[in-house]
Amino acid sequence: MSSENTVSINGQPHALPDDPRVSLLDMLRHHLGLTGTKKGCDHGQCGACTVLVNGVRINSCLTLAVMHDGDEVTTIEGLGTAENPSALQRAFVERDAYQCGYCTPGQICSATAMLDEIAAGWPSDASDSLDGPMEVSTEEIRERMSGNICRCGAYANIVDAIRDVAGEPA
Amino acid sequence: MRPFDYQRAEGIDHAGQLIAAENAVAIAGGTNLLDLMKLQVETPQTLVDVNRIGHAEIEDSDDGGLWIGALATNTDTAVHPRVKADYPVLARAILAGATQQLRNRATTGGNLCQRTRCYYFTNIDQPCNKRDPGSGCGAIDGIARLHAVLGTSDQCIATYPGDMAVALSALDATVHITSAHGKARTVPVRDFHRLPGHTPWKDNVLEPGELITGVSLPAPVEGTQIYRKVRERSSYAFALCSIAAIVEMDGDKIARADLAFGGLAHKPWHDPEVGEVLVGQKPGAKLFDKAADVLLRDARGYGENDFKIPLARRTLAAVLAEATGAEL
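As they're listed, the protein sequences go chains A and B.
Residue numbering for the first sequence follows full-length UniProt numbering, starting at 1 and increasing by one per position.
Residue numbering for the second sequence follows full-length UniProt numbering, starting at 1 and increasing by one per position.
Bear in mind the hints are in silico, worked out from the structure with no lab data behind them.
Accuracy of the hints is not assured; some may be wrong.
Computed spacing ranges between beta-carbons, pair by pair [what the hints assert, rightly or not]: (1) A/Pro133 to B/Pro218: 29 to 35 Å; (2) A/Ala87 to B/Ala237: 29 to 35 Å; (3) B/Ala184 to A/Gly121: 32 to 38 Å; (4) B/His198 to A/Asp96: 33 to 39 Å.
Facing chain B, a subset of chain A residues (Cβ under 8 Å, in silico) [as the list claims (entries may be wrong)]: (5) Asp18; (6) His31; (7) Leu32; (8) Gly47; (9) Met67; (10) Gly147; (11) Arg151.
Even for Gly, the Cβ is constructed at its ideal location relative to N, Cα and C.
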C-alpha cells in the first residue's frame with residue numbers, strides 16, 4: 001500500500017474513508033474498531049478524543065480523516081499494552097488517576113505530548129517567562145492539561161501521576 | 001453534518017480557483033469550522049483543504065518586522081523565538097486562548113476568521129441576524145453575558161471571540177489577502193474585522209473567493225508588552241474583557257500606549273484616542289480613569305453584560321499600572 005490516500009494508525013497503514021464527513025475520531029472508533037479513543041462532546045471541548053498526529057496532540061473529533069493523507073496517528077492503543085504499559089499508563093494506575101476512566105485515554109495521550117512540549121521549552125499561559133526551561137509544576141500541568149476535562153474530578157491524582165513520570169515530587 | 005464536496009488544494013493558485021466556486025469554504029485547522037458544520041450553522045457545498053499549499057512559514061521581513069504565514073499554527077507562532085523575544089504580547093495572547101490541542105491545529109488565517117461564540121448564533125433554533133439575516137437578534141433582551149458593549153447595532157451585539165487578533169491590533173499588523181485571480185491586497189488588521197451595523201453576517205472585509213496568505217508585523221518597538229485576559233475560569237474560556245498593551249515610558253511620562261481590547265465588541269477594539277489621552281502624561285489613577293472615560297464614552301450594556309463596562313475600566317487601570325509602575 002502506498003502512502004497516497006492512506007493514514008498510518010499506530011504504525012499500520014489504513015485507507016482513508018470515502019465519505020469526507022468522517023472525523024478522524026469516527027474513523028478510529030467505527031471504521032477501525034479502535035475504541036480506546038473516546039467521544040465525549042464531539043466539539044473539541046472535553047479532550048476525550050485526544051490523539052497524537054505526527055507527534056502533536058489534537059482533538060480527533062475536530063478534524064476530518066481525509067485531511068490526514070500520509071500522516072502518522074498514535075492512539076492510546078499505540079502507546080502501550082496491558083502487558084507493557086507506557087510510563088504514564090502505569091502511573092495513572094498506580095496513582096488511581098481516574099474514577100470512571102472515560103477521559104483517561106485522552107488524558108494520557110494529552111499528557112504524553114505535554115511532557116514533550118515542556119521538554120522542548122514550549123511556554124504556557126502559566127509560565128512566568130516565555131523562555132525555558134519550563135517547570136513541571138502543578139500550576140503548569142493544570143494549565144497545559146486544561147483541554148482534558150474529567151467529569152469525576154480526579155484531577156489531583158492525574159496531576160500526581162504526571163508529576164511522577166516527569167520525575168517531580170508529587 | 002450536511003454532505004459536501006471535499007477538494008484538496010495543491011497550491012495557492014489552485015486554492016484560489018477552488019474557493020471561487022459557489023458556497024465553497026476553505027478549511028485549515030478546522031477547529032471552528034467543523035464545530036459549526038456539526039451544528040449546521042455552516043453548510044458549505046465545497047470544502048477546500050488548504051493545508052498543503054505552503055504558507056506556513058514564519059520569517060524575518062526586510063524591514064525588520066516578521067512575516068507569519070496564514071497556515072502557521074497558533075503553536076508555531078507562540079513558540080517562535082522572534083515572537084517570544086520581540087512580540088511577547090502576541091505569544092501571550094495566543095497562549096491565553098483555547099487549549100494546546102486546539103492551538104496545535106488552529107492557524108493564523110483561520111483564527112482571524114473564527115466566528116462569534118454567541119449562543120444564538122450557534123443554535124439554529126434561535127433567531128440570529130448573523131446566521132440568518134432578518135431573523136432577529138436573540139441576545140438583545142436575551143442571554144448576553146459574553147456580548148458586546150462597544151460598537152453594537154440594533155441587529156447584532158455579538159463579540160469577536162479571539163485573543164490573537166487583539167494582540168495583532170495592538171501591534172498594528174497587516175493582513176495579506178489574495179483572490180481567485182491572483183490579485184493581492186493588504187488590509188491593516190485594525191480594519192480587517194467589521195462592526196455589525198446593518199450587515200452583521202459580514203464578520204470581516206474578506207470578499208467571496210479571497211484567501212488570507214499571511215500577516216506581517218512591523219519592526220518591533222521599545223516598551224512593555226502585556227496581554228491581560230479576564231474570564232470566567234482561569235483556563236480555556238473566552239474573554240469577558242482582554243487588553244493587549246504596548247506601553248513605553250520616557251522618564252516619568254508615557255511615550256507610547258498602543259492598546260487593543262477583546263471581548264468588548266464585534267472586532268478587536270482599537271481607539272487611537274485612548275492612546276492619545278495617555279501619551280505625554282504622567283501615569284496615575286486619575287489619568288487611567290480619563291483613558292477609560294474615552295474608551296467607554298459610547299459604551300452600552302444589555303443587562304447581563306452591564307458588568308463589562310466597569311470591568312473594562314478596572315482592567316485598563318490594572319494593565320496600565322503594571323506597564324508604567326504607577327500606584328493605583
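Comparing the hints with the structure gives:
Against the hinted window of 29 to 35 Å, the Cβ-Cβ separation of proline 133 of chain A and proline 218 of chain B comes to about 31 Å, which satisfies the hint. Our hint of 29 to 35 Å for alanine 87 of chain A and alanine 237 of chain B holds, since their Cβ atoms are close to 31 Å apart. A beta carbon spacing of about 36 Å between alanine 184 of chain B and glycine 121 of chain A agrees with the range 32 to 38 Å that was offered as a hint. At roughly 58 Å, the beta-carbon separation of histidine 198 of chain B and aspartate 96 of chain A lies outside the given 33 to 39 Å, and the hint is violated.
Violation of the interface hint for aspartate 18 of chain A is found here, the shortest Cβ-Cβ separation to chain B being roughly 10 Å, above the 8 Å cut-off. Restraint check, histidine 31 of chain A versus chain B: the minimum CB separation of about 16 Å is more than 8 Å; hint violated. Because the smallest distance between the Cβ of leucine 32 of chain A and any Cβ of chain B comes to about 20 Å, over 8 Å, the interface hint for this residue is violated. Contact between glycine 47 of chain A and chain B, as hinted, is supported at the beta carbon level, the nearest pair being about 6 Å apart and thus within 8 Å.
The closest approach between the C-beta of methionine 67 of chain A and any C-beta of chain B is roughly 6 Å, which is under the 8 Å cut-off, so the hint is satisfied. Hint status for glycine 147 of chain A relative to chain B: holds, with the closest Cβ pair at about 3 Å, below 8 Å. The beta carbon of arginine 151 of chain A is not positioned within 8 Å of any beta carbon in chain B (closest approach about 15 Å), and the interface hint is therefore violated.
Hints 4, 5, 6, 7, 11 from the earlier list are contradicted by this structure; the remaining hints agree with it.
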